[in-house]
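Q: So the protein sequences, as listed, match chains A and B. For the first sequence, the working numbering gives the first residue as 1, with consecutive numbering after it. For the second sequence, the working numbering gives the first residue as 1, with consecutive numbering after it.
Keep in mind the hints are simulated off the structure, nothing from the lab. Beta carbons are placed, not taken as given, at the ideal position from N, Cα and C, and that holds for glycine. Worth double-checking, as some hints may not be accurate.
[Said to hold, decoys possible] No farther apart than 25 angstroms at their CA atoms in a straight line, the calculated lysine-lysine pairs in the DSS-like style are these: (1) A/218 x B/86; (2) A/51 x A/37; (3) A/218 x B/69; (4) A/235 x A/197.
[As the list claims (entries may be wrong)] Computed from the model, here is a short list of chain A residues facing chain B with C-beta under 10 angstroms: (5) 104; (6) 116; (7) 183; (8) 193; (9) 203; (10) 205; (11) 209; (12) 210; (13) 214.
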Amino acid sequence: MSIEIVKRNSLPKNSTIIIGLPDIGLVGAISSSFLIKSFNMKEAAFLDSPKFPPILVFHDTKPTAPIRLHADDDKVVLISEIPILPNQFTPLAKKIVSLVEEIEAKRIIMIGGIPAPNRIEIKKPKVYGAAILEEDRKKLENAGIELFKNGFIAGVYATILKECMKVKYPAIILLAESYANYPDPGAAAAALEALSKLLGITINVNPLLQQEEEIRLKLRELMQRTVSSLKASSKEYEYAVPLMYA
Amino acid sequence: MGEEWVFDRIRKIHEEIERTLKEIERELFKPLFDFEHKCLEPLYEIEETPDEIIVRVDLPYVRKKEDVKVVATEEKLIIEAKMSEKALFNDLVTYGRTSYHMYRKEILLPTLVDAKKAKARLRGCILEIRLPKKHKMYRVRIE
Numbered sequence: 001m002s003i004e005i006v007k008r009n010s011l012p013k014n015s016t017i018i019i020g021l022p023d024i025g026l027v028g029a030i031s032s033s034f035l036i037k038s039f040n041m042k043e044a045a046f047l048d049s050p051k052f053p054p055i056l057v058f059h060d061t062k063p064t065a066p067i068r069l070h071a072d073d074d075k076v077v078l079i080s081e082i083p084i085l086p087n088q089f090t091p092l093a094k095k096i097v098s099l100v101e102e103i104e105a106k107r108i109i110m111i112g113g114i115p116a117p118n119r120i121e122i123k124k125p126k127v128y129g130a131a132i133l134e135e136d137r138k139k140l141e142n143a144g145i146e147l148f149k150n151g152f153i154a155g156v157y158a159t160i161l162k163e164c165m166k167v168k169y170p171a172i173i174l175l176a177e178s179y180a181n182y183p184d185p186g187a188a189a190a191a192l193e194a195l196s197k198l199l200g201i202t203i204n205v206n207p208l209l210q211q212e213e214e215i216r217l218k219l220r221e222l223m224q225r226t227v228s229s230l231k232a233s234s235k236e237y238e239y240a241v242p243l244m245y246a
Numbered sequence: 001m002g003e004e005w006v007f008d009r010i011r012k013i014h015e016e017i018e019r020t021l022k023e024i025e026r027e028l029f030k031p032l033f034d035f036e037h038k039c040l041e042p043l044y045e046i047e048e049t050p051d052e053i054i055v056r057v058d059l060p061y062v063r064k065k066e067d068v069k070v071v072a073t074e075e076k077l078i079i080e081a082k083m084s085e086k087a088l089f090n091d092l093v094t095y096g097r098t099s100y101h102m103y104r105k106e107i108l109l110p111t112l113v114d115a116k117k118a119k120a121r122l123r124g125c126i127l128e129i130r131l132p133k134k135h136k137m138y139r140v141r142i143e
């Protein structure tokens, strides 16, 4: 069963689509939520499917769906307040690619975390970038973002990247060193700083760092559910060494 | 007659698996707070090395080691910690529209440990407890 995009407002053409979904350390979910708040991005659409869990969220008395698109003039942010289940990876990735074609988006930028076993020792997490197209890899290097050279990317982002690779669509992923099992606003701040360099926009991450403890405490439930869904999405591959080293 | 012990063993393993699955299900779907005692449940992870069990517990708002109490037995840990600031859930009906200022968690360890030799430290609101395994592993000499 496919996913439906229910529009509530218009989506801007020629925009950049930024995707931040619940994943390692909730880096993507924290980042997308912070972007929406920082840029006062209005809800433009929500995603629905009979296979999604029967959930509705209320924010300041207003009902909304947990997976939705927010937009301003030149950015569209995809946010999810629930983990994406593995059986929805491909339908979601296909829907994103069809949306990209419909609104003639410039590129997709995904934000996620990469588990760092020594995260407790790291003051400022490093951010790695990977891209489908060579020109985007150059963009990453020009922005001072180290390229993700070898290793696996698994889960929902891998599926979106694969769909983009099939149609040679410009897609970038930013991966910040993160705690694997705790919400990591520090990693989200590092990823957003990399995004600001890449897009040439100003993102003040100080409020995010100031609220770090509150975010860690209040996102425990989402983190717990995300960890359990990640276990079913081949995430263990990210700890493996690719075949080229054999 | 001789095969009865095999079926008995299989039945016991089956019961153990059922119990573990029910425990996982219970852990996964129960709320991460105890309204009656105004306690929150922290997130935690367990790492196993050849010699140790390492438990890391995320304790936002816990800033002083004096506010943390860890009790270890051979098979489990009991952690209690007081927050430096109250966590407000006043706008959430499901949390009882109140504030919480304590964490409490009992963690069943994957193997028996030497509780007397356990060590703990608190860094960046993350509590790390290292517990030496009771049955250590020894390298076998190859002749």
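Q: Which numbered hints turn out to be false for this structure?
A: Violated: hints 2, 4, 5, 6, 8, 9, 10, 11 and 12.
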